[in-house]
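Each chain, written out:
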Amino acid sequence: MTLLERREVARLGSSRFTVPKGFITVVVSTAALFIVCTVFARSSVSHGALLGMLPFASVLAIVGLGQMLVVQQGGIDLSAPGAISLAIVIVSHQPNGDDSKLLPAVLLALLYAVGTGLVNGFLVGRMRMNSIIATLGVNALLYGFVLKISGGTPRTTTHRLASIAGGTSLGIPNAVYFAVGALVVVIVLVKRTVAGRRFEAIGANPYAARAVGLRAWQHRSGAYVWAQLLYCLAGILLAGITTQPTAYEGDSYLLPSVAVVVLGGTSLLGGRGFPVATVIAALFLTQLDQFVLALGVPNAVQTLVQAGALAVGVAIYTVNWATVRARFANRLPAVTAAG
Amino acid sequence: MNKRTVRSLIAVTAAVASLTLAACSSSSKSGSGGSGAGGGGGSPLAGAPSWCGSKKVSFALLDGFGGNSWRLVTTASGKAEASKCPSVTNYYYADGQGNTQKAISDIQGMVAKGVKAMVVFPDAGKAVLPALTSAYKAGVITVPYRDFPGGKAGVNYTQYISSDPARDADNWANWIKTNFPSGANILFVSGPPGNTQGVTEHDQLTKVLSDPKYKFIGDQPFSVTNWDPSLTQQVLTANIAKFSKIDVIVSDFGPSLVGALPQFQRSGRSIPALVTSDGNSLSCFYEAQKASNPDFKLMTVATGNDNVRLAVQYAVAKATGGVVPSSTTFEAPVFEDSVSKKPHDVQCDKSVPGDVYLSAQMPGSQQAQLLKK
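Chains A and B are the protein sequences, given in the same order.
If you read the first sequence in my numbering, its first letter stands for residue 1, the second for the next number, and so on.
If you read the second sequence in my numbering, its first letter stands for residue 1001, the second for the next number, and so on.
Same shape as in the complex, but just chain B:
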C-alpha cells in the first residue's frame, strides 16, 4: 500500500514537473512567435487548420456528465478536433460523472495543472459559473458550450458556444409546413418539465406554425418524458389512445422513441411522420417499418456531436493565436429527409450498433470501436 502511494506520488510530481516545463517552454516560444492574430499572441501555423496558431498550449475538455453514448462520441470528436492542431501539446479529459462538486473541482484541477485553454460542458448550469469565472480570471481561455451557464462572455468566461434549439425547431416547423400544407395535429415530446431546450423549441414551433390549421395536441408546452424510454412509451400510449388523429410527432431525442412507436401498430394505426434528431437505431427502425406504415415519414436534424468541434476550434484559436471562428453558435444541419431525400435519404448502417450517430463527422465504424470498449 505504502509503496503504491510513494509510486503514485512520484508519478504525480513528475507529471506536474513536466507540465511546468512544457508551460515554460511554450511561453518562451510564443514571445518570439507572433503578431497576435487571436488573443494568445501566436500566429496561424502552416499546414494546420487556420484556427490552429503557433503557440504551444495544453488543453482540457471537461464533461459534467459523460455517461451516455452521445457523450462518448462527442468526447472522442473533441479529442479528434484538438489533435488536428500540433500546437496542442497536452490533452486532458475529465468527467464530472453527474456530480456538481466533482465538475467544479475538475475545473479547478485543470487550472492548477496549468492548462491554457479549456472547453467545458456545464451540465450543472449556473452551479459551475464561479469555477468558470475563477479559471477565466486566472488567465485560462474558458469556453463553455451547449448548456448555458449564465454569466457573460469577457466577464465570466471567454466565450459561450451555443447550440441552437430554435434553429432545430425552425427546421422541423418548415418541414411540417412543406409536407402538411393543409394543416396537421402535432404532438411535441421533450425532456423534464420546464427544460429550456424544450421551451425554446416549443416557442419557435408555435411561432412558425402559428396558422390555426396546425394544432398542438397533448400537454403544453410539451409532453414530459424526462427523455426516459419507459416514460416516453407510457406518454405515447396515453396520447395515441386519446387522440384519434396524430399527424406528426416532434421529439428532441429521436432514438428514445424506438421502443414506443410500435404502440401505433398495436392500436391498429400507422406510425405517423416523425421530425426529430438522428440516431442509427432510429434510422434502421424506419427502414424496417416504412413498408408496413404508409404514413411513416422521417426527418432528422444532426444530433450535434460536432458542437464540441466548434468550441474546441474557438478555444484553441484563442490560446494558440490562430484565426478565431466567426460564428459562436453551432447550427445543426438537417441530416435526413425521407421525403425530399435531401441532403440525405434515411441512413441506416446495419453493420454498426444502434448507438452510432451517422450525422457526426466521425465515421460510424470509428464510433463503433469506441462503443466496444
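The following block holds chain A by itself, in its conformation from the complex:
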C-alpha cells in the first residue's frame, strides 16, 4: 500500500465519524450566544423569554428547511415571503373567525402551496430559468393572490388555530413540535431514502447525476414543491402565533430564510444539506433578536448588531481563510527582508 493509498483509506475511514464543519460552527456560536446572553442580558434567557422566542425560532426553522432544500439544488427561493403571506391570508380569511371552516382553509392553503411549487419547479427545473428571476416573479404573483383574497385587509385568526399554534404542551410551545416534526421528516427523506440520496447527488453535480441516469430535473423541481409545503406550514403557524396577522407578514422572512441556510453550512452552490444545523441557526438568529431587544440599546444599534453577526457568520463560510492566512504568511517574511 502506497503512502497515498494509506492516507486515502485513513481519510475515508475517519470521515464516517466527522461532524460537519458548519454544524460545529453553528453549535459553538449558539452556545456562545447563550453564554453572552446570560452575562449581559440575563432576562433574555429567562423561562418566559425563551417561551416567547421559541415559536418564532420554530417558524424560521421551518422556512429555513424549505429554503435549504432549494439551495441544495443550487437554486434560491425568493418566493418564500409571498408563500408565507398567502398561507396566512388563506387560513385567516377563509374561515373569518369560524373554527369549523379552518380545516378546509388549511387544505386550500396546501393546495396553493403545491401549485406554486409546481410552477417554480417547472420554471427552474424544466425550463432552466434562473431561480432568482423565476421565484421573484412568482413571489409577485403570490402577492397578487394575497391582495385578491384579502384586499390587503387581514383578519383575526380563529381561536382553534391560535390555541394550536400559539399554545403550549408539556411546557413547550406547540410550534416547537411542528418544527421538530418538519426536521425529522426532512432528515428521513433526504438522508435515509434512496430518493433523498439521489436528491443530494443531483444537487452536488447535476451533470454527473444525469450521466449516471438520474432524473435530474424531476428532483430539482421537487425541491420547490417541498419548500412551498414547508413555507405553508410556517405561514399557518405564524397566523396562529400572532393571532392578528397583517397581509404582509412573510416579508420579514426573506433574508433570514437564506441566512439560516448559509449559517447552517449548506453551500449556495448546492449539494449536501445540513438540516439540524439549519434549525440551530434559526434558533441562533431569533435569540440574537431577543438579545438585542433585551439589551435595551437604541433601535439603530439593534439593527447594526444583527447585521454584524450575520456578516461574521457568513464570512466564516464564504471567505477562504486558508488563502488569507497564506497571503499574510507570505507577506511577513517579505516585510522582514525589506526591513
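Possibly wrong hints are sitting among the right ones.
In silico BS3-like links for lysine-lysine, alpha-carbon gap of 30 Å or less [to be verified]:
no. : chain 1 : residue 1 : chain 2 : residue 2
1   : B       : K1102     : B       : K1137
2   : A       : K148      : B       : K1079
3   : B       : K1137     : B       : K1177
4   : B       : K1084     : B       : K1137
5   : B       : K1290     : A       : K101
6   : B       : K1137     : A       : K148
Selected chain A positions facing chain B (in silico; Cβ < 8 Å) [said to hold, decoys possible]:
no. : residue
7   : S44
8   : G48
9   : N130
10  : I241
11  : E249
12  : D289
13  : N299
If you are wondering where the hints come from, they were derived from the structure by calculation, not from laboratory data.
For each residue, glycine too, the CB sits at the ideal point set by N, CA and C.
For chain A, the structure is supplied; the task is to place chain B on it using the hints.
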C-alpha cells in the same frame, strides 16, 4: 381585445360627458341659489344636515393606502357621511395602494374628472403636497386629514382636519393618574422608529405624568413595534423578561397586542392594565381573560374611524355652501373603561368579527358585512 378597448373608450367618453354636463348644470343652479354661507356660494339645504348646502357637487375620497380593515371601515364611513347630503351628486373613491405615484395621479385624475371637493388621506405625507396644491389652485376644495402633509391652509389646500394624538395621550395619562395614584411602571409601545404620532403621544404622556413616581420603562421615547404583531410579541417578551414589574402598557394600536399579551401568563404573571385604542378582538380578549388575570384593566379611546366624517363635512360644506364645522380637529372620545364603566364598559360583540371597531358610528353588523366581501 380591440372590441373591449372600443367599448371601454365609449364608456369613459360617456362618463366624462355626463360629468361635464353635471358640472355645468350644478354651476348654473348655484348662480340662482345662494347667499354664500360657506365658500361655495350655496345655502343650507332643508331636511339635510346643516353642513350640506344646496349647490350640487361631485365629491371624491382618496386613500393613500386602503389596505386594512380600519381603512375599509373608514372608507365606508366617509361614503355614508357624504351620502347624507343630497347635493353630492357623484361620489368617487380611489385607493393609492401604498404607491405614492398612484396616490398623486389619483388626485390629478379627480381634478381632471371635475370633482368640486376632495378629502385626501395623505399617507405619503409631503410627497403628495404638490398634487394637493395644484388641485387647490385649480379651484377644488381640498381637505387632507389625519396625516399632516406639510404646507398651509389657504395656500396649499383648503383645510387640514387633524386627529389629535396628544389628546389620546392626555386621556391615557389621566386614566393612569386616577387608577395608579401612588405611581406606576409604564411601558409605551408604538410603530416605526421616530413616527410623529408616537413621539407626540410620548411628549404628552411624560408631560402629564411628570411626577417621578411614574416611571417610563423600556426603550425611549417608545418601544419600536412597527405596528407589526410579530415584532410586538417579541418586544413584549423581551420587556416582560427584563422588568419584573410592569403596571401599565400604553399602545396606540391595541388589537396588535392580542397575540402578545398571553406572554404574561406564560411567565406566570397577570396581564397588567392596558390603555390603548379600541378593537372588537381586543375587547373580546379582555372578556375572556379578565377572570384569570386580576390586574388586567382595559381603557380605550376610539380608534377614530369617524375622523373622516368631520373631513367630509368640512369639504362638502365648503363646496355646497353649507355651514362649515367650527372644529378642524377630530377629538377621539374615550370609548371603554373597565374600571369606571364610563362612558362604556368593555364592549365585546361575539357575533361580529374581531376586526370590527365598535367605537365607530357605523354599526358593528354593517362593518361585518363590509368585511365579508
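Checked hints:
1. For the proposed pair K1102 of chain B and K1137 of chain B, the alpha carbon gap of about 20 Å is at most 30 Å, so the pair holds.
2. Among the hinted pairs, K148 of chain A with K1079 of chain B is consistent with the structure: their alpha-carbon atoms are about 23 Å apart, no more than 30 Å.
3. With a CA separation close to 48 Å, the supplied pair K1137 of chain B and K1177 of chain B exceeds the 30 Å bound.
4. The suggested pairing of K1084 of chain B with K1137 of chain B holds, with an alpha-carbon distance near 28 Å, which does not exceed 30 Å.
5. For the proposed pair K1290 of chain B and K101 of chain A, the alpha carbon gap of about 28 Å is at most 30 Å, so the pair holds.
6. Only pairs whose Cα atoms come within 30 Å are accepted, and K1137 of chain B paired with K148 of chain A is rejected, the gap being roughly 37 Å.
7. Taking 8 Å as the C-beta cut-off, the interface hint given for S44 of chain A holds, the closest approach to chain B being about 6 Å.
8. Against a cut-off of 8 Å between C-beta atoms, the interface hint on G48 of chain A holds, since the closest Cβ of chain B lies about 3 Å away.
9. The closest approach between the C-beta of N130 of chain A and any C-beta of chain B is roughly 27 Å, which is over the 8 Å cut-off, so the hint fails.
10. Hint status for I241 of chain A relative to chain B: holds, with the closest Cβ pair at about 7 Å, below 8 Å.
11. Below 8 Å, beta-carbon pairs count as interface contacts, and E249 of chain A has one with chain B at about 6 Å; its hint therefore holds.
12. At about 6 Å, the closest approach between the beta carbon of D289 of chain A and any beta carbon in chain B falls short of 8 Å, and the interface hint on this residue holds.
13. The beta carbon of N299 of chain A comes within 5 Å of a beta carbon in chain B, closer than 8 Å, and the hint placing it at the interface holds.
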